[in-house]
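**Q** What follows is each chain in one-letter form.
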Amino acid sequence: MASADKLINTDVPEKDVFALHFLQSLSNLKTQNPLNSPAKSIDRVRKIKKAAYVSMARAAGGTSRLWSRALLRRAAKDDNKSVRFSRRKRKVTWKISSKRRKSNNQRAPVVEEAAERLRNLVPGGGGMETSKLMEETAHYIKCLSMQVKVMQCLVDGLSQK
Amino acid sequence: MSSSRRSRQASTSSRISDDQITDLISKLRQSIPEIRQNRRSNTVSASKVLQETCNYIRNLNKEADDLSDRLTQLLESIDPNSPQAAVIRSLING
Chain H
26 MASADKLINT DVPEKDVFAL HFLQSLSNLK TQNPLNSPAK SIDRVRKIKK AAYVSMARAA
86 GGTSRLWSRA LLRRAAKDDN KSVRFSRRKR KVTWKISSKR RKSNNQRAPV VEEAAERLRN
146 LVPGGGGMET SKLMEETAHY IKCLSMQVKV MQCLVDGLSQ K
Chain X
76 MSSSRRSRQA STSSRISDDQ ITDLISKLRQ SIPEIRQNRR SNTVSASKVL QETCNYIRNL
136 NKEADDLSDR LTQLLESIDP NSPQAAVIRS LING
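Chains as they are written, first to last, in the numbering used here: chain H, 26 to 186; chain X, 76 to 169.
Bound-form chain H, shown alone (with noise of 0.2 Å):
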């Protein structure tokens, strides 16, 4: 096999890769619509959140990752956008019909059971298998927890008086 001894790798940018990104869209949202429309509290909230993890996955990487590609391609038919994926040499991961993924997962139930938890949690979960599942769950709690500390230090500097 050989991938047998390839370490698989799961870094993550600098924060500053992230806040840039969140800064950016935090700009571009307060230039489409001034800050008081849309009247609902609630959607504006929706798009300020909208805009921290379309964000955070494009500073992840954007379609290089497989959980950062479902986010945007989520993202995007909210929108009814359509989001162009740049032509990659190796192939395209096709999604995995659940039968077929399990007779591939020789693991033990109570493994399966909890990854298909995680499944549900990590976007793009869905289509993979079990071993892909943890290395794309590995970088998308490093991001996310990368994501919520940029926030948290917007929030800080911004409560300051």
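These aren't lab readings, by the way, just hints derived from the structure by calculation. The C-beta atom is built at its ideal place from N, Cα and C for all residues, glycine as well. Errors might be hidden in some of the hints.
[As the list claims (entries may be wrong)] Derived Cβ-Cβ restraints for the label pairs, each shown as a range:
#1 X:E151 - H:C178: 14 to 20 Å
#2 H:C178 - X:N134: 17 to 23 Å
#3 X:S152 - H:N34: 41 to 47 Å
#4 H:G87 - X:D140: 21 to 27 Å
#5 H:S66 - X:N136: 28 to 34 Å
#6 H:E138 - X:I153: 43 to 49 Å
#7 H:S52 - X:S101: 38 to 44 Å
Since chain H is already given, all that's left is putting chain X on it; use the hints.
**A** Structure of chain X alone, referenced to chain H:
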């Protein structure tokens, strides 16, 4: 046709070695604060790690929700002449 493509791919590229699984599990363990603190036993089971991961993700999502909420309020209530607004402006435009 697509099913034969899938089976060919499944048999070559998505089989990763046990070493890599162990490596991934330990990476996951290191990323999750609760498990990291439990240094006593080295035999944290894989399913426990996955369980803790689920909880961790849920917590992060909740934090992101709360922070989005607070951020929205703060951004709206910013007095345009305050120093905070100037900081934001310079960060966004700079």
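**Q** Taking the hints in turn, state whether each one holds.
**A** Going down the list of hints, with the structure as the test:
no., hint, verdict
1, X:E151 - H:C178: 14 to 20 Å, "19 Å, holds"
2, H:C178 - X:N134: 17 to 23 Å, "18 Å, holds"
3, X:S152 - H:N34: 41 to 47 Å, "42 Å, holds"
4, H:G87 - X:D140: 21 to 27 Å, "24 Å, holds"
5, H:S66 - X:N136: 28 to 34 Å, "20 Å, violated"
6, H:E138 - X:I153: 43 to 49 Å, "47 Å, holds"
7, H:S52 - X:S101: 38 to 44 Å, "39 Å, holds"
The earlier numbered hint that this structure contradicts is number 5, and it is the only one.
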